[in-house]
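Which chain is which? The protein sequence lines are A and B, in order.
Numbering (numbering that gives the first Met the number 0) for the first sequence: 0 to 513.
Numbering (numbering that gives the first Met the number 0) for the second sequence: 0 to 513.
Because identical chains cannot be distinguished in the list, a pair is counted as satisfied if it fits within a single copy or across any two copies.
Heads up, simulated EDC-like pairs for lysine to aspartate or glutamate below, C-alpha to C-alpha not over 20 Å straight-line:
{"#": "1", "residue 1": "Lys126", "residue 2": "Asp113"}
{"#": "2", "residue 1": "Lys495", "residue 2": "Asp339"}
{"#": "3", "residue 1": "Lys271", "residue 2": "Glu246"}
{"#": "4", "residue 1": "Lys445", "residue 2": "Asp34"}
{"#": "5", "residue 1": "Lys271", "residue 2": "Asp107"}
{"#": "6", "residue 1": "Lys499", "residue 2": "Glu488"}
{"#": "7", "residue 1": "Lys180", "residue 2": "Asp302"}
{"#": "8", "residue 1": "Lys105", "residue 2": "Asp281"}
{"#": "9", "residue 1": "Lys445", "residue 2": "Asp281"}
{"#": "10", "residue 1": "Lys499", "residue 2": "Glu351"}
Just so you know, these hints were derived from the structure itself, not from any lab.
Number of protein chains: 2
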Amino acid sequence: MNGAESLVRTLVGGGVNVCFTNPGTSEMHFVAALDKVDGMRCVLALFEGVVTGAADGYWRLTDRPAATLLHLGPGLGNGLANLHNAKKANSGIVNIVGEHATYHIKYDAPLTADIAGIAQPMSHWVKTSTHANQVAADGAEAIAVASTPPGQIATLILPGDTAWHEGSGAALVPAPPARPKVAEEVVKNAADVLTPGQGAMLLLSGEGLRERGLALAGAIAHKTGARILAQGSNARLQRGAGRVPVERVPFPVLQAVDVLKPVQRLILVGAKPPVAFFAYPDRPSILTQEGCAIHTLTSLADDTIDALERLADAVGAKITEAPVQQPSRPEMPSGGLNPDKIAAILGNLIPENAIVVDESVTTGRGFYPLTAGAPPHDWLQNMGGSIGYGMPVAVGAAVACPDRKVLALVGDGSGMYTVQALWTMAREGLDVTVAIWANRTYQILKGEFANVGAGNPGHKARDMLDIDRPDLDWVALAKGMGVPASRAEDCETLSKQLQKGMATAGPYLLEVVL
Amino acid sequence: MNGAESLVRTLVGGGVNVCFTNPGTSEMHFVAALDKVDGMRCVLALFEGVVTGAADGYWRLTDRPAATLLHLGPGLGNGLANLHNAKKANSGIVNIVGEHATYHIKYDAPLTADIAGIAQPMSHWVKTSTHANQVAADGAEAIAVASTPPGQIATLILPGDTAWHEGSGAALVPAPPARPKVAEEVVKNAADVLTPGQGAMLLLSGEGLRERGLALAGAIAHKTGARILAQGSNARLQRGAGRVPVERVPFPVLQAVDVLKPVQRLILVGAKPPVAFFAYPDRPSILTQEGCAIHTLTSLADDTIDALERLADAVGAKITEAPVQQPSRPEMPSGGLNPDKIAAILGNLIPENAIVVDESVTTGRGFYPLTAGAPPHDWLQNMGGSIGYGMPVAVGAAVACPDRKVLALVGDGSGMYTVQALWTMAREGLDVTVAIWANRTYQILKGEFANVGAGNPGHKARDMLDIDRPDLDWVALAKGMGVPASRAEDCETLSKQLQKGMATAGPYLLEVVL
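Only chain A is shown next, with the shape it has when bound in the complex:
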C-alpha cells in the first residue's frame, strides 16, 4: 500500500473515523485511499474554515479527534481562524495538509509556501513527513499528540511523493496518556483555602463543567459556603433542569469586576485566571481584585473529576446535597422581537439533550438565565474569539451526535465568515437548526467603539460597523445552499418556526430580524 493508504489505515485503526475535507491535487492519493479502507466517514466542505471548525465541534462532543484534509499552505490558511478557536478550546485535531512532492518544492511553483510556518502559530505539534514509509508512524504520532489531554492541534504535512510511494502499512497508535491526578497537598491546600467559604470561589472550566464536575463543585460549594462560577467562555457546559446551575464571568469588564469583587480566594478548576477579553484605556486587564489570592486545583489537562471527588471528601461534601436547577420554562412572550423575548422563546423550546452552539454575541447576552431551566442540554461557546465559529462547530457536533438536535445561535455578522457551512449541513442532512440574529450590524463594535475611548462613530466609521446597505437575505442564502429557511419578525412567528426547525430532521435556518 502507498503512504496515503497507510495513513488512512492508521487513522481508522487509531479511532479517527471522521475526516472533514477540502482537498486538492496534492491530496488525491489520500482521497483515493478512502475507497480502499473501510471505517472513515469523509465530509466535504466548500471552505476550509468549515473544515477546521467542524473538527473542533466533533472533539467537543466526543473527546476524540477528527482528521482534517487541507490543500497546501493557502488551504491551511483558510482554516487558521477556526484552528485558533479550536486551539483555545483545547480541541484535539489531526490536520493532514498536502504539500508538493519533496523534490518539487525547490521550484517555487505557485502554491509553494512555508506550510510549517503557517501551521506553527495554531498548532501544538507540526511535522512534515519525509518518506512514504514514515507516513503511518507520523500519523500515529499525530493522533497521540491530538489525544493528549486536554486535547491538542497536531498538523501533519504530507508531500505528494510520500503519499504515492510504497508505504509501511498501518502503524499502531499508542493509547493517550491518562489525565494526571493532582498531588494530595494540592487538594488539601484547596480544602484549607475553601474553609471558611466566605470570600472563596471555585472558578470552573473543562471537565469541571460537565455534569459530574458541576455536581461535585456544587456539593463542595453547598457544604463550604463558597461560590462557584464558570469561565466567561467554555468549550462545553452541561446545564439545564436537574443539573447544578452555574453563572459565567460576564464579558463586559466592569460587570466582571463587580462579580469578582467579593472574591478573596479564587481556586482555579481547569480555568485560567480571569482577564479582560480586550484591553481598554481606563479599565483593568485583570478582573480579580488586587489582593485576591489565586490557587490552582487543576489545570485543563489534569484529572479534574478525581480532584473534585477528593476535595469533596476532604470538606465532607455529598454530591446528593448539591442544589440543582428546577425545571422551568419562562412565559412565552408575544409581539415584536428583542433579545430578552428571544431568550424566553429559547427557554421554552430548547429540547432535551440539545446541543446549543452559541455565537450570539450581543443578541445573546441575556440568553443564559432564561434558558437555565430548560431540559438538560450542552452549551458550547467560542473559545478563541474569532467569529465564524458557530455554524462549523454545529456541523461537527451534528456529525458527532446524529441522535441529538443541534441548535446554532449565530449573529449575522458572525455567520457570514463561514456561511459555506450551510451547504455541508444540507449535503449531510445534519440535524441542525440555525437561528441567525439579523440586526444588520456588528453591534458589539458599536459598544466597543465607545469602550476604547473613540467617542461616537462618525459617518465613515458607522459604515464600517453596519452591515446593512444591502441587508443580507438569509433565507435566500440558505436556499442557495439547499437549506430550507424562513424569516421571523415577531415572537409568534419565531416560536412557530423554531418549533418547525426542531421538528425537521435535517437542517433548517431562521432569519430572525431584530
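Take the given structure of chain A and dock chain B to it, following the hints.
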C-alpha cells in the same frame, strides 16, 4: 493626534487612498480616525479573504498599494490565502493588523496569537509598532516597502495602546526606488542569444505583458525570428485588437513540454523558469528540455521596458513593425452550452477597455484564443493557485477603475471560498459582471486524480470531488447579498444576459449551468 490618526494621515499623505477593511475592537481608533482625515476611501468586506484579494486587484490596476485593516491573528489568518496569491503576484499591499494593547498580550486573552508568526509566510516585511509615536514612521516604512518594485506585502501590527496614545503626527513617505536598469552586458548577451532567432524564445511576465512591453517584445521577435510566450499565469496582461498577441505556457504538463520543446535558448523577461504547477509521478517538474539554456534579461523588479527598448535597438527592431492582433469576433454560437461556445460568446461581448479577472479553471482553458480579437482589454490571472481569488480581485479592480467594466469569470467551486465578495460589490455599486461556471464539480480534480496516478475515483472519492447534492443556487446566493442575477443554460440566454450585465452600471451575476 493619537497614533491611529497619525497612521491614517501618513497613509493618505503617502498616496494610500483606499483601505479594504474588516475591523474589530482593536482597530476602532483607526476606524474613528477615518472621520477625522479626508482622502481615505474605506471599503468594508464581510470576510477577510475579500479584503486581501481586493487589495491585490487594486494594485494590479494602479501599481499603488491599498491598505487593509484586519482584526488580530485570526482576521489575518482569514486573509492569508489571498495574501499568498497577492505575494505571488508581487502586488504591493500595506496590511494593518490590530493587536491587543502591548501590556495586555501577556494575559493570553482569547484572541491572543502570534500575529507576526502568522504574517511572516505571506509577507515580505513584518513589523510590530511598540509606541504610539512610532506608528506614523512605521506606517511610512510599510508604504515604502509595499511600493518597492515589483511590489511587496508589508504587514504592520498595531497594538491597541499604540493607536490610542498620543502619536507623532504624520510621517513623510519616501518616494519608492526606481526600477533598476539592467547592465549593458545583459542586454548585449540577450541580443547575442537571440541571433539567430531560430530556437530562441522570450518568456514574458510583469511589465513585459503591458501594452508597450508586448509591442517591444513583438518587434524584437519579428526582427530576429525568435518566439514570444507569456508565463502560464500573469498578474495583468494587456491584449486584444491592435496589441501584440501572445500565447501562454499551458497548464497541463505534457502540453507545456510540447510548446517548449523547440526552445534551445530561453530569455526570461520578468518571468520565472517554467515549472509544473504540481509534481506528477511520471512527469517532469522542469518544463524546458534538458540542454535548453536559460538567460535572464530582467527580473520582475527590473526596468523591463527600458531593457526591451535597448534590446530592440541592439537587434535593430522597430516597434511599428511588430505584428498586432486584428480585430475579430468569433461566430456567435447557439444551442446548448459548452466551454468552447462560452469562449465564443465572450469573444463577441468583451467590451473595450474591460478588465477580465479569470478564475475559470477548467471551463476557461479555451477562452484565450477566441477572445484574442476582442477590443483591447486587460486579463488578470491567479498567481498563487489558491482558488477564491477571482471575485475579491474583481472588487479591487472595480474600486481602482470605476470607469471600466470588470468581468469576473469564476468556477463555482472557486467562487464559494470568497462568496462574500458579492455583498461588497452590492454595497459599493461596483461595475462588475460575475459569470459563475456552474459545472457542480471540482472538475480540475477529476483530471488531477488520474494525473497523479490515483486511477479512477471510487464512490467516496467522487463525493469529495463533486459539489452537487445539493446544487448551489447562485441566483439565490447573489440575491442574498443584494446582487441582481439570472441563470443561463443555453447560448442565446447567456448572450442576452451577458449583454444585460454589460449594460448594468453595477454588479450583476450570471449562473451559467454546464
